[in-house]
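Going down the list, the sequences are from chains A, B and C. Under the numbering used here, think of the first position of the first sequence as 75, with each following residue one higher. Under the numbering used here, think of the first position of the second sequence as 519, with each following residue one higher. Under the numbering used here, think of the first position of the third sequence as 30, with each following residue one higher.
Hints in this document: simulated from the structure, not taken from any laboratory. The structure presented is a predicted model; accordingly, all values stated were derived computationally and were not measured. Where is the CB? At the ideal position from N, CA and C, for every residue including glycine. It cannot be assumed that every hint is accurate.
[To be verified] Covered stretches of chain C, going by a simulated chain B footprint (3 or more residues, C-beta under 8 Å):
| # | region |
| --- | --- |
| 1 | 228-241 |
| 2 | 332-346 |
| 3 | 577-589 |
[Said to hold, decoys possible] Cross-link-like lysine to aspartate or glutamate pairs, in silico, EDC-like; alpha carbons within 20 Å at most:
| # | chain 1 | residue 1 | chain 2 | residue 2 |
| --- | --- | --- | --- | --- |
| 4 | B | 609 | C | 588 |
| 5 | C | 653 | C | 55 |
| 6 | B | 609 | A | 135 |
| 7 | C | 735 | B | 563 |
| 8 | C | 610 | C | 61 |
| 9 | C | 686 | C | 607 |
| 10 | C | 570 | C | 55 |
| 11 | A | 169 | A | 207 |
| 12 | C | 735 | B | 564 |
| 13 | C | 570 | C | 50 |
| 14 | B | 599 | A | 210 |
| 15 | C | 570 | C | 607 |
| 16 | C | 470 | C | 540 |
| 17 | A | 275 | A | 179 |
| 18 | A | 169 | B | 563 |
| 19 | A | 275 | A | 188 |
| 20 | B | 609 | C | 581 |
| 21 | C | 470 | C | 581 |
| 22 | A | 169 | B | 564 |
[Said to hold, decoys possible] Just so you have them, the derived chain B footprint on chain A, three or more residues with Cβ under 8 Å:
| # | region |
| --- | --- |
| 23 | 161-168 |
| 24 | 173-180 |
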Amino acid sequence: MTLRYPSIVAALSPAGLEAERIADLFWWMLAGAGLVWLGVMALAIFAAKKRAAGDDTRNGDWIIFGGAAAPAVVLAILLVFGLSMLPDLLAVAPKNALRIHVHGEQWWWRFRYEAPGRLPFETANEIRLPVGEPVEFLLHSTNVIHSFWIPSLGGKIDLMPGRVNRLVLHPTRTGTFQGACAEYCGIGHANMAMQAVVLSKDDFWRWLDATERTAKP
Amino acid sequence: MTHETQHEAAEERQSLWLLVLSPSIWAAHFLASYAAAAVWCGAVEDRTSGVDTMRIGIVISGAAALACIGFIGRIGWRKFKLAGGEPPFDKDTAEDRHRFLGAATVLLSALSAVAIVYVCLSLLFVRNCL
Amino acid sequence: MVGRNGTDGQTVNKDTHPLAEAPSPEVLRAQEARLEEAWKPPTGWRYWSEVNNSIVGIWYTALVLFYLLFGGVLALLMRIQLAVPGNTFLNPNLYAQVFTLHGSVMMFLFAIPIFEAVSILFLPQIMGARELPFPRLSAFGFWAFLIGGMFLCGSIFFNVAPSGGWFMYPPLTSRYQPGVGADMWLLGFSFIEVSAIAAAVELIVGVLKCRPPGMRIHLIPLYAWYVLVAGGMVLFAFPPLISGSLLLELERAFDWPFFDATRGGDPLLWQHLFWLFGHPEVYIIFLPSVALVAMIVPTFARTPIAGYKWIVLSAIGTGFLSFGLWVHHMFTTGLPGITLALFSAASQAVAIPTGVQLFCFIATVYVGRLRPSIPMLYVAGGLATFVIGGLTGVMVAVASFNFQAHDTHFVVAHLHSVLIGGTIFPVIAGTYYFFPLLNGKLLSEKLGRIAFWLLFCGFNITFLPMHFTGLRGMARRVYTYPAGMGLEQLNLVSSIGAFILAAGFGVLMWDILRPKGKGSDSPRNPWDAGSLEWLQEMPGKSWGVRSIPEIDSRYPLWDQPNFVRDVDEGRFFMPDAEEGKREMLVTSIIDAKPQQCLRVPGPSFITLISAIFLGGVFIFPTFKMYWSMAVSGVIALGCILYWLWQGSGVIPEKDTKFIGHGVTVPLYVSGPSSVGWWAMMITMLADITAFVSLLFGYFFYWTLHKDFPPASIAGPGVAWPVIGLLASLGSWALTILARRWNRDEKPTAFYAGMGLAVLLAVFGGYALIAGPQIAAMDPKVHVYTALVWLLAIWAVLHIAAGIVMQLYCVARRYAGRMTGKYDIDISNVTLYWHFVTITVAATVAVIAGFPLLR
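I would like the entire structure built from these sequences, with the hints used as guidance.
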């Protein structure tokens, strides 16, 4: 299948609120990690090149103590900062939000739209979403474990047989975004791609009406 | 055995257990918190219902665990500061062995305490079972 | 005096000094001749019956290197396939076998066994000992490793290799992969895991009980501390996987629905059990590797390690905390946020002790004067690489970010950074450092340098791009990817990097394997190190250390005057093998006071034969050949009984032995001072952990289902399980009494007591089965019935083993190989029965008692 898809780093070119928050977190962590790596390397090189001096053992103690205390503080901050966005990422969508049931098959995606007051219908391997609105995905599998992932829009969630997992996404840009199955599910796993087409609200409801009318029961 | 070696021997058995007591307390608190979360959130019908009671429980039990760890750390500190020693405690004497085990106990207690604090911090934003 | 139950051995002068004068040259030559005679390996084909750690260690290490290369070739195959999009080099089915085997071989056949192999090879020398306490167990471990590993690696040549990923998630592996591959994984690796636990038992006992006199707990080389911690972690980490594998195999073979959601099961239980193993596993891999660095850095910094107590903190702290991380592999499975938060917290916390030890190494270099060398080059490369991996690890530990990174090539980059930086580079550093101990030769500095740069650059070129491909949307375990997503160039770069990495390994292998001429070119203690393994002459002698030294310092070769001379001239303990036997010294745990002169067995083929038949127990059921499995099991049991009968608890010709410096120690010890008792205790801790994992499963389903046990299904009732419990309690009590009657030399009471104990145990086993049987519980119907049956059968199998042990004691007494004074057999069997009682009591409490609470 030919997909026209710009060469950007999907997860870091967010088109959804969830992806945005995670991307921000990533940039901060990357900056911090870069500084730490450079710092540790510099310290190691400095230690290797140093020639004998008086206060060595005490300085050595400070290196070790600092190596314990500094990470303890930094990691605590990272923990709090990183987890602060977790409730938002896991929150339920409002009651009247669009709901799409995602069924993982081997090896394709079956999407079932259930908009309130509308007849349900299904699509395969492609979903269309309205920009600027939350949409709640309910994830089902009756075969093996799959994982639903559209990196531009947000994080992933597994389709577990025996459970119904839930993912809420808020697209913020229109466009076509690639998705994939992110849990090994058999020999067709690599081919189990999907597309999310995010449309303006008007375009989306027009499409929904048209599809609802033409869908076979 | 002479009285001195008997006393030393009895102390021997105590100190190795003391070394791992603080991390064991962390482990027990962690396991209990995880079990509480799993059982509670497994049982509730509505995952949006609050978990404040459980969070408070985890923090209070965490504080109790910290107190125990503090107590152990203090015992370790007294052994560490046993009069006469100079770091590093690598002389072949029973005293240096005590100092080493005391120091290691203090360090493990500090680490276990930090780990418990992290657990409590991690609950700052969690409101429900979602 | 025969030592027993915790007495501290004989008194020893607090600080034994070496003999003031060397014995005469004739005496020295005679001593060396006797030592040589006792320790020399057999020649010809009998060479393969050797059990001496120095020789078994070499076989083990060579085999591990083979598996490393095998796993590496599999990786190259993957990278060829992924070099361009839409490649057809490997079809999806073969690709799945390749990535499954690559991960499994590297994790189970390389990363863990390298720790075991190096420890078997060098731990005794690092602690100035002649052997490990259970040499036949190490040899057995090697043969099991050979048989199991070849079984698994060979599978791909028949196109039947496991193909569910190294972590084998059901339901894919329980219901969607017919064929033998998954069964080979479950059974084959369980066999290897059992041999890994055996190695852990040996190493823990070795570190705790087999040190030189005076090597108090705060003077132990850091390598030994790390091995102790890693060994302890193995005990608690491997059993959950063994239990989980048992569940999955039972589902595959007999349709017991542990992971089938339509019958009450849940695939998530597998993930819990697997990652309860899987996370500590990576630290079990990392800690012994960084232990090598802890031995290397002080040598080249020419100063004792800085922060010894901090490193002990790191090792123990990492060991504990690593057991609280496992759910971070399951962040995207839909678990509640509160759970994700808890495990993020622990995952961050573990970075603290992980980092502290690195700062200790840096501080050591700072305090000392660094000499450049090839080992330090690899240590530096390892540090640079590992820190990258550690930092990306901290990133993926934050649950929010994990939602994007999980199951993508970002994680592939992370895990290889920590494994290659934290294990491969340190192991190669250790290879260059310790190579002279193998045969007195040095490796080439030039080749070492070339290999390093190929490896270091190759590694970065391969794996740095994967951080990007992962975040661009490339999931894991994909045999191809579409063009136009920005993945092609980076994948091509990674593939080229993989071949550069491979070239580095090629140069390294050439340096190791090239012919190096006769004789040794390494001086004694070529690096001027301070620790005991460098006592070795070049090339080493078969007896290991010439005399067992008294230790006064962490770096005896640096600090103790005339140390090498004193050891060489037999001026310390046990400089001789007067009776021509292989002997080593057992000491107390904290202060290493001599407690026993332990005679260890010499060469024997029983290790190989036992491994073959025990292997059959795991290999036959792969092909559903259950009768063959049973026969193989019976023969294996016979082999093990023969092994124990011939070689353990041997009553010596005299009670005590003089080991020098006014010290006389017993030759035979039973009870908590003996190594055999510790081996039983440690093994049973692992066994109880496996049992607790099964109980965890029971309560896991209880949290999952509103109705558990399901009201519509009859349980085993209360009567039969309780009868079973009472009977086995009776058997246990009688065993304890029989131990006392044996000790008091009351044979009639002993035989009567044991006989009755056996009968009660048989009846107890029957009663435990009767519960589910009479209630007509069908294990295929629901996970509840399957669990109850499994728990009952587990308890009964343990009782059955206990019966075999009780009968063994009766036979030993009857044959005069066990007496009131020499009672190690029943002492260990009683210890076993304590654990059986715990198991049975817990089983009955859960299957009979818990349903009453509802």
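**Report entry** Contradicted hints - numbers only
**Finding:** Of the numbered hints given earlier, those the structure breaks are 1, 5, 13, 14, 17, 21, 24, listed in rising order.
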